[in-house]
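Trainee: Residue numbers (the numbering used here), protein chains in the order written: chain A, 312 to 489; chain B, 458 to 587; chain C, 12 to 521.
Misleading hints may appear alongside valid ones.
[Said to hold, decoys possible] Here are the computed lysine-lysine pairs in the DSSO-like style, where the Cα-Cα straight-line distance is at most 27 Å:
hint, chain 1, residue 1, chain 2, residue 2
1, B, Lys587, A, Lys463
2, C, Lys125, A, Lys435
3, A, Lys425, C, Lys195
[Said to hold, decoys possible] To be clear about the criterion: a stretch of chain A counts as covered by chain C if any three or more of its residues have a C-beta under 8 Å from a C-beta of chain C, and this derived list gives those stretches:
hint, segment
4, 439 to 446
5, 453 to 465
6, 478 to 488
[What the hints assert, rightly or not] Chain B side only, calculated, beta carbon under 8 Å to chain C, not exhaustive:
hint, residue
7, Asp569
8, Arg578
9, Phe586
No lab work stands behind these hints, which were simulated from the structure alone.
These figures come from a predicted structure and were not determined experimentally.
We treat Cβ as the ideally placed atom computed from N, Cα and C, and that holds for glycine.
Letter by letter, the chains look like this.
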Amino acid sequence: MITLASIGETAQEIVETFGVDWPMLIAQAVNFLIVAFVIWKFAFKRILSTIKEREKEISDSLRNADRIKIELEETEKQQKQTLEDASVAARKTITSAQEQAKALIEAQKEEARKQAEEFIAKAKDSMEQERQRILSEAREEISSLVVLTASKVLSKNLTEEERLRFSSQATEELNLHS
Amino acid sequence: MSFKHRTLVRELIKNSTGERGVVERELVEEVLASLREAKVPRHGEILRLYLVEIRKHIRSQSIEVEFGSESEHPLVSLLEEKFKAFSAQSFEFHSSTNEDLIAGYRIRIMDDVYEDSIQTRLSRLSQSFK
Amino acid sequence: MSSITDLIRKEIENLSTDATRTNVGTITTLADGVARVDGLSKVMYNEMIEFPDQVLGIALNLEEDSVGCVLLGDVSSLKEGDEVRTTGKLLSVPVGKGLLGRVVDAIGRPMDGKGSVDSSVHYPVERIAPGIIPRKSVDQPLQTGIMAVDSMVPIGRGQRELIIGDRSTGKTTIAIDTIINQAKINKQGEQGGNPDFRPVYCIYVAVGQKNANVARTIKTLEESGAMEYVTIVSAPAADNPANQYLAPYAGCAMGEWYMENGMDALIVYDDLSKHAVAYRQISLILKRPSGREAYPGDVFYLHSRLLERSARLNEHSGNGSLTALPIIETQMGDVSGYIPTNVISITDGQIFLETDLFNKGIRPAVSVGLSVSRVGSAAQIKAYKKVAGKVKLELAQFRELAAFSQFESDLDATTKASLDRGARIVELFKQTASNPMTVEVQTALMWAMQNDFFDSISVDDVNRAAQSLREYMETQGKEACALIYQSGKLEDDTEQKLRSSIEDWKRTFS
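The following block holds chain A by itself, in its conformation from the complex:
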């Protein structure tokens, strides 16, 4: 009891020490409530909405980052593809160039071979022509010699009887109607 009484006393003493003035306290409470309401109404709400916006922005940017990442991947993929294509085209060009070069070399070889053949053929031809020319010249020469000798010999060595025989045979054979 004594304890209880002492506690009561203590409280009493505290109230007394700190000077709790009930009407004052109530007024202060009312003031507080008013201030709290005002703050709630004009400051806190705005701060909250700003915070909300910030939160949204953050989540948005996070989402964007994801998309960018995907896009980046895609771009990389495309780049790779393009590079591959280019290398294929380059390889193709090289192959075709090689083929063309090969064809060109072949053609040139063929050309050279042809030229050589033509050259040989021409040389052979001209040799043959030369041979023919010499042969025909020889033939003409020999035949004209034969004719010349024959005429010389005949004009000198033919007897009168032989001449007469030739002439009379020729005259007999003469056909005026031809």
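Knowing the structure of chain A, use the given hints to seat chains B and C on it.
Mentor: The following block gives chains B and C in isolation, referenced to the frame of chain A:
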């Protein structure tokens, strides 16, 4: 040369030939003398044409025969017979020697030449080699 | 050696021993390659006359008391009083394929030192031209390989197309290029193995030309590998006028052999003005009456009977053809001269070459306004007809507008477009000598022009671009070209291929 001149020349030729169609010397001289006297216009041209024609006429009546040697000359008679059988026209034969022929004959009657001689055969041979 | 004795033995065995009968005459006068002969009473007109030393002559004037003969060959050994004899033969020349690759003179004797001519057939030099019945209208192309000609004045097989112009305007070049192109086409066709392929054999007749020029022509033909399809008949300026007079007829007889044996041939007479001059000389010496410019009265007939012998024969007559490209040289661009008007009226059109254009660097210097081909587009393949149909009109318009626009500062859009197109076509048509183009490449170039591929290229670069496109089409664009070559048409898929090749080329061209 007009048609008139031509007819005149033809007439003159007729006057210059005897009955067998042979040109006779006296007749030609007569024609020439009368041409000189007549003094026809374009006298020179007529004379030229007349002489050309007379020459042709004489050539058409004579046959020149060449042989390779003297010994063949008797063959002319054989030729004369042949030509008589060939044509009714009478020809005058002139024979001569052409040693180039060696042996054989060469007969020229107007522009036509008949020939068969060793020379022609040899030249034909040399032609065939070319 | 034994072959020679064998030959002599054989000849002696075969020797005829018959008497001969000949008609003879004697030379009375002899001057300037013409002999007057007394006698020869049985001579025929145009008969060959045998003079001493194996000189030949032709009886051209049969008069009352003498015969006028032109002499072929060396007359220095002849003298008055020499005996001449008839041969009973008209002047004839060897013909046939044995003459290909050869150079011969006016009577077919070889001049190239390659031995005797391998030919057993002879044709008379003077022949009657084919009549109306065996002829057929010209409908097959003969490509010259020159864009300006093939597109604007197309030539057909069997046509007679005159090449006319002043001296050194490229007349012979056009003819030689045409021959080279024929050889190119022949080789391509023979390699292709198409059984219906018809090669064109060529004859080049050089009349009154300098020997150096003839030698250069032969060299050009040899270098381009065309000689194996060509016969050259040469009667150079140093030759006597009788040979110059005969050479075209001799060449024509050689061409007729191909025509009558169902083949195609091309003959170039280079040139007929000198031929007329040679004939004038002969006629004056033969004392024939002379007419205008001292030419004899039959100078028209001289050329008409020659050119009429070129023809296209129908199927019943063997389907052969002989195309003629006569050349005439004008003085100061005057086409109204005697010989030019004659030959213009005989031929089926002309290619007129202008000195001004030539000097401006437009080569071949084909004048658009004065050049025509009376055969026209009948002698073009379908594909080419499609792309080249309007080009002559466009160029003519360009020339007209270019003359006008010199005085105008601002032009409307259509005029400007016409001018631009015209200037580019002019550039496109520039072509170097001995560089003929195949018809398929020409088609591709014309197609590119018609489809505005050259519009973005500056006018000065068009020729270079055309060269580059030509190279491209001959290498990478082969496929499209082959399609055109095979079908001769320009179908949608061909055009598609053509477009893609030309687009590819355009990307690489800078």
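Trainee: Against which earlier hints does the structure fall short, listed by number upward?
Mentor: Hint check: nothing fails, all pass.
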